[in-house]
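Protein chains: 2
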Amino acid sequence: MSVKINNKFLDGFVNEADVASMTKRAYSAQELLKSKKGPGNDYIGWVELPENYDKDEFARIKIAAEKIKKSCDILVVIGIGGSYLGARAAIEFVKSPLYNNLKKDTPDIYFAGNTISTTALTELLSICEGKDICLNVISKSGTTTEPAIAFRVFKALLNEKYGEQGARERIFVTTDKERGTLKQFSDEAGYETFVVPDDVGGRYSVLTAVGLLPIACAGIDIEAMMKGAYDSMKACELSDSEKNPALSYAIYRNVLLEAGKSTEILVGYEPYLLMLNEWWKQLYGESEGKEHKGIFPASVIFSTDLHSLGQYIQDGKRNLFETVIDVKKSCEDFIIPNDPRNVDGLNFISGEALSHVNSTAMLATLIAHNDGGVPNIVVEVKDKSAYTFGYLVYFFEYACAISGYILGVNPFDQPGVEAYKKNMFALLGKPGYEGMRAELEKRALNK
Amino acid sequence: MSVKINNKFLDGFVNEADVASMTKRAYSAQELLKSKKGPGNDYIGWVELPENYDKDEFARIKIAAEKIKKSCDILVVIGIGGSYLGARAAIEFVKSPLYNNLKKDTPDIYFAGNTISTTALTELLSICEGKDICLNVISKSGTTTEPAIAFRVFKALLNEKYGEQGARERIFVTTDKERGTLKQFSDEAGYETFVVPDDVGGRYSVLTAVGLLPIACAGIDIEAMMKGAYDSMKACELSDSEKNPALSYAIYRNVLLEAGKSTEILVGYEPYLLMLNEWWKQLYGESEGKEHKGIFPASVIFSTDLHSLGQYIQDGKRNLFETVIDVKKSCEDFIIPNDPRNVDGLNFISGEALSHVNSTAMLATLIAHNDGGVPNIVVEVKDKSAYTFGYLVYFFEYACAISGYILGVNPFDQPGVEAYKKNMFALLGKPGYEGMRAELEKRALNK
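Those protein sequences? They're chains L and D, same order as listed. All residue numbers for the first sequence refer to the numbering used here, where the first residue is -13 and numbers rise by one. All residue numbers for the second sequence refer to the numbering used here, where the first residue is -13 and numbers rise by one.
Same shape as in the complex, but just chain L (with noise of 0.2 Å):
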């Protein structure tokens, strides 16, 4: 199996009777989302995606991703929320965080859309002065406020440098497969698209055309991906919580929820998890933060934060855990070189392999953080492919989903986001909210 969970380090923090007694309510939360009964079973459709993804539109995204690698210099992706962070976390995690410095055979991909600020944007426009471009925008309904504006901005620029003739062989659309402004315009404009599917939320896409798109233009073998996902989803169907790691993780966190740890911290040992870590705190954080309750999502890098976070970890208030993301091979071994003057008092790991300190640098953390009285959850995860990334991500996906029908909530909706929203709207005046401006006006002027 591509991911393991290690429970050793919740020695002492977990006991058999409460896990026992949570096992049952996973089977049950299992036995809820397979029925396809539960709460949020509109959005299911991510549950067998690894086997019944459109296999055409794969090929049609394989084409377009060489055409796009043949033509430009920058791919900017335009997108927000989970059609942003999935195909981030997965370019970062199998190709590196420093992708857009390193020399490749492969575009620059710059994120856009994802923010609105004016820096952001003018700082992209100028990276992207004299270069080659594409433009793959990812908005289901094409209406959302970040990559709307982001949209007008760098089709005009296409439009104006090569012309609308040219710029239609550069801009690529996923969206909505029917319905939409940004659908329809895309059809007449004559831009090729791609889908969202209707059944799959946005923080659940990483593994459709959202995600695969992208993914691909950075060189990333999105079959052995899939491959990947389907793996674990045949593992994730078995029920029993021995042999399916995400029933296993659903139970221990919410095990250690229950016994008042309130904030979950998603560790990493390397750079390259660091996305991963945002994609893993929307999918976490949306699916379960509601009705005053859930786990609050936080992350950090190891050994880095150690030098940071690490303190509080290990002394701070006694309600939190973390889950540790152990990955076993990340690249080929770099030998520690010896220094004859010995001027650190390093040479006792002269001569190691740095990947070796860094797995030590965990087990002596996981034992120092048991010592302080934090539970620690261990997914130990085979290495950094392409093919582990899908494993990891289904993995997650359907942990969070049997998390959430055991915390008796929705797992599948986000009704929380759209009060920013419709207060922004009305703010900015916006037809249709006339009503709660004036309100919201007065509000503010008091402020």
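Misleading hints may appear alongside valid ones.
One copy or two, it doesn't matter: identical chains are merged, so the pair holds either way.
Said to hold, decoys possible - Capping the alpha-carbon separation at 20 Å, the derived lysine to any residue pairs in SDA-like fashion look like this: (1) Lys(-10) to Tyr39; (2) Lys(-10) to Lys314; (3) Lys89 to Asp325; (4) Lys408 to Gly418; (5) Lys229 to Lys368; (6) Lys303 to Glu178; (7) Lys407 to Gly331; (8) Lys53 to Gly418; (9) Lys247 to His278; (10) Lys279 to Asn305; (11) Lys247 to Lys279; (12) Lys408 to Gly331; (13) Lys408 to Asn333; (14) Lys279 to Asp94; (15) Lys147 to Glu115; (16) Lys314 to Leu107; (17) Lys220 to Asp162; (18) Lys314 to Thr92; (19) Lys90 to Cys114.
Hint data in this document are derived by calculation from the structure and do not stem from the laboratory. Only a predicted model underlies this, so the values are computations on that prediction, with no experimental measurement involved.
We have chain L; now place chain D onto it with these hints.
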């Protein structure tokens, strides 16, 4: 003032009596700090630093920065924790998170030695191929594992590339002023050295040579930064919480903590604030997270993360509050173009400045999160200048010291950071740790 506290989004969450009572405690904490007799009083050199800093060394820093700017394509900065986060936060804040990808007349700056990752090290080495390199290694003792390994590797690279004579002109060492093997070795090797002061802890060190040399190499005006810190110091000296934003911030966050809000999320609306968030997390987490006390520091960048952690913040467990960095002016305005077709329905904001939409999103979110039960402290910040960065950094440092004294901890030590290090040294076979090793290996084997 470059930094002001807006408390309007605390309405209904804090009451006058609690604030009055906490204000008294803040004044006592301030007196304790000023008396120089509080816990950790051997590490309060940062308090008067903006006035007392070593002017001769400051001049040398500027000269060294000019030399580095002229002689390399890439400056590799080796350091971890406080010897990493401050400089990176400054460069991203004043310049850009895309600093290395933007056209500029200053060197690219990469940070190394802040991780034990093999991928990170080998990727950086490949980026350095064929480039002219300078090195700034920052380590008080010279024996911290992560930077020491990186220094071994990059020192060897420079010696090989330029010869020992040539490398000498390219290696700059920031370390203890007299003790430690790194200082001794640097003097022998002929490297120029700068000082990590004895009375300034890592997380308070950004305004010393630790931060200033790399910051100056990015072309940032460090004189202006020190002037900002100086003016901030003058504001923070005031014994009036109405006029002193640091007292005000310390008071509100402790009132909220005592009301059960045990997680603080630092919120920015610009990607250039991301590393400031990380710097802040070390400052507060390491200063307060001890004796099973302290506020857990988390962070987000909105609107990006409104599509990620937004749901949780709006509707999840109500044990959190937000502190929002509201930068009033980031850069020149960017006007949102009109779209005659109005495909995205956004023509109601055509012709508006993007910054107006961003600040409206902030206001909308403040109101929405208040309505959801989340108190918000707003830190109003004038702009993203070097002056303001210095001002803001000193403000946060001072507020942290006050806050730690209110909490009743020593805000200047970090005893918990040693726990994992000791285990790691023992497991790696460092001389002197033989006793621990057998026991830890036995524990590890049982895992």
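Checked hints:
1. Lys(-10) to Tyr39: This pair counts as neither: shortest intra-copy Cα distance 26 Å, inter-copy 53 Å.
2. Lys(-10) to Lys314: within (11 Å within a copy, 48 Å between copies)
3. Lys89 to Asp325: Result: close neither inside a copy nor across copies, 31 Å intra and 38 Å inter.
4. Lys408 to Gly418: within (10 Å within a copy, 62 Å between copies)
5. Lys229 to Lys368: within (16 Å within a copy, 56 Å between copies)
6. Lys303 to Glu178: Neither way: Lys303 and Glu178 sit 52 Å apart in one copy and 43 Å across, limit 20 Å.
7. Lys407 to Gly331: between (56 Å within a copy, 14 Å between copies)
8. Lys53 to Gly418: neither (42 Å within a copy, 60 Å between copies)
9. Lys247 to His278: both (15 Å within a copy, 14 Å between copies)
10. Lys279 to Asn305: So Lys279 and Asn305 pass the 20 Å test inside a copy (15 Å) and across (10 Å) alike.
11. Lys247 to Lys279: Intra 12 Å, inter 15 Å, cutoff 20 Å: intra and inter.
12. Lys408 to Gly331: Answer is between; shortest inter-copy Cα gap is 15 Å, intra-copy 59 Å.
13. Lys408 to Asn333: between (61 Å within a copy, 17 Å between copies)
14. Lys279 to Asp94: The answer is neither: 40 Å in one copy and 45 Å across copies each exceed 20 Å.
15. Lys147 to Glu115: Close inside one copy (10 Å), not across copies (34 Å); limit 20 Å.
16. Lys314 to Leu107: between (38 Å within a copy, 17 Å between copies)
17. Lys220 to Asp162: For Lys220 and Asp162, neither the intra-copy (29 Å) nor the inter-copy (57 Å) Cα distance is at most 20 Å.
18. Lys314 to Thr92: Intra 27 Å, inter 39 Å, cutoff 20 Å: neither.
19. Lys90 to Cys114: both (18 Å within a copy, 14 Å between copies)
Violated hints, listed in ascending order, are 1, 3, 6, 8, 14, 17, 18; each of the other numbered hints is respected by the structure.
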